[in-house]
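Given chain W, put chain B in place with the hints provided.
Protein sequence lines correspond, in order, to chains W and B.
Quick note: the first sequence, position 237, residue 224 per my numbering, numbers continuous.
Quick note: the second sequence, position 113, residue 100 per my numbering, numbers continuous.
All clues stand as given, with none of them false.
Since the list gives no way to pick one copy over another, a pair counts as held whenever it fits inside one copy or between any two copies.
As a list, the in silico BS3-like pairs of lysine-lysine whose alpha-carbon atoms are at most 30 Å apart: (1) Lys156 to Lys263; (2) Lys271 to Lys156; (3) Lys256 to Lys230; (4) Lys118 to Lys271; (5) Lys306 to Lys289; (6) Lys306 to Lys280; (7) Lys222 to Lys156; (8) Lys230 to Lys156; (9) Lys256 to Lys222; (10) Lys230 to Lys208; (11) Lys156 to Lys266; (12) Lys280 to Lys263; (13) Lys90 to Lys21; (14) Lys90 to Lys24; (15) Lys118 to Lys280; (16) Lys156 to Lys280; (17) Lys289 to Lys266.
These are computed hints drawn from the structure, not numbers from a lab.
Remember, predicted model here, so these are calculated numbers, not experimental data.
Protein chains: 2
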Amino acid sequence: MSKPYVIGIDMGGTNTVFGIVDARGTVIASNSIKTAKHSDINDYINELYEEINRLIVANDAVDKIHGIGIGAPNANYFTGRIEGGVNLPWPSPIPLADLVSAKFGIPVAITNDANAAAIGEMTYGVARGLKDFIMITLGTGVGSGIVVNGQMVYGHDGFAGELGHVIVKRTNGRMCGCGRTGCLETYCSATGVARTAREFLEIRSEPSLLRNLPIDEITSKDVYDAAIQGDALAKEIFEYTGKILGEALADFVVFSSPEAFVLFGGLTKSGDLIMKPVKEALEKNILSIYRGKVRVLISELKESDAAVLGASALGWEVKPLPAAN
Amino acid sequence: MSKPYVIGIDMGGTNTVFGIVDARGTVIASNSIKTAKHSDINDYINELYEEINRLIVANDAVDKIHGIGIGAPNANYFTGRIEGGVNLPWPSPIPLADLVSAKFGIPVAITNDANAAAIGEMTYGVARGLKDFIMITLGTGVGSGIVVNGQMVYGHDGFAGELGHVIVKRTNGRMCGCGRTGCLETYCSATGVARTAREFLEIRSEPSLLRNLPIDEITSKDVYDAAIQGDALAKEIFEYTGKILGEALADFVVFSSPEAFVLFGGLTKSGDLIMKPVKEALEKNILSIYRGKVRVLISELKESDAAVLGASALGWEVKPLPAAN
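Isolated chain W, as found in the complex:
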């Protein structure tokens, strides 16, 4: 008898959001807890268990959970651990999959946020039926999840798919949080758009609505608001951003020849302001054998549900727990 539900858990530095999801991608019920509240990881796991169990009982889902999928920063699919320095209150590595599966008695799989998003799109979203696509998440940073022949690309160590850290400016590139310079995410994230705005405003002299704002507080949303009011400089900031992203996508195509890119995140809400230059730069820079073959899609998952849905999709792929002694 197959179990009809999965649990998706999206673990962030501030909040952990979770939900019960069915096979069609409907979030049956969801809730959240504060991640950083507990200085002991076991207290965090206990609260997570209590809250999720409350949802399970209230929704008549006891013994109906196929698996638990977790999306978390630096989460490694192979080891089940969170590895490397992340913004969480506990020392890493954190054996998250083992802790959660031991507590719940349900098999658990984990991966990073962008991979979870890709699996979510493939399972419930705009990438259903696609076997070769690349997910690009445009948020505070730029994340990616690569699907080849229907399978997530994890690499030999579980850390594949960091396309936000491809170097797009080899000289005089922007300093990146990774310690290097010129990474894609320093230009094409929401933060990157704000940095571009500050650069443009400092270097150039033309008038702009953005000059009415304190320069250090400008956000990508401010740039969007100015652009839709017709502000030329703001529009140019999106063109600059989109061109860099489109050029990068053209380079990504030669790797896995995907049939589509799926873009997700705040920046995609800027619509044609960003999508038009992305598509133009992609088609202009693409190697001829791929021209006209690669679609650029925008996620259709509701943003408030997307992270939980992405994580939950991994819950369908868990391996059963070993039989108890």
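Frame of chain W; chain B shown alone:
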């Protein structure tokens, strides 16, 4: 009863080389014919059949051939055809796999040269046991074959893995045969090394052994010969080439997190002249989570056998022919 041999066919614009290969990668017998001699593709297939059949009979291999693998330019694994403009005397697309399997009565698989090389390394060479690696062929151009989780990456259309056409110089890049500018292969192929030599000799004024040669005839071999005689400019040409390649490899790592790169081709014979700057640039530019995890290996397959071995390895993976009516 499993069949102990495969046939490997390496089809180039000038010559077609073929051989009978066993499961350990021993070339039992090999020969070649002129590709361009026949203006009709059927005459070419007929001669190929006669010559290969002669080898089969002479080596007691009748009914012992598991499959035929063919490496050819622009050969598409999915369609079995050679597609796109290539330096062959017949109009494309060429339904090569069907023509050869119909003639031989043996299942056939085809792919491009660099993918064949990757499968060859995985089956018989330095990549045995590796599930995630990237093959880079450094010849007249730069080719690549990407293996993820033990499987060749073909992409949705069969044309994945054209890493030689990643753009490494976004402005003032060299014109590439693909019609764009700044591609990796315009710098890091044998031809690229010769171009660098000409550029350096024209722009700069220091003495060099290379100045004794007609500038338009300088080859990468000439640069090598000068470098091992201690010529500073020649050594610097290799450093320049190796640095660009190492920087590109660092970017490739973020895609599939391979445990190794396998380099093959004439340029690798320059040894430390090129490998040292490649490894230095790779380690200097790699994202920290991958640092120290990625090996740079050089193919150990004998160069004269490598193309046939690579193609033959694909012969182990063929699907059986449909049963005759």
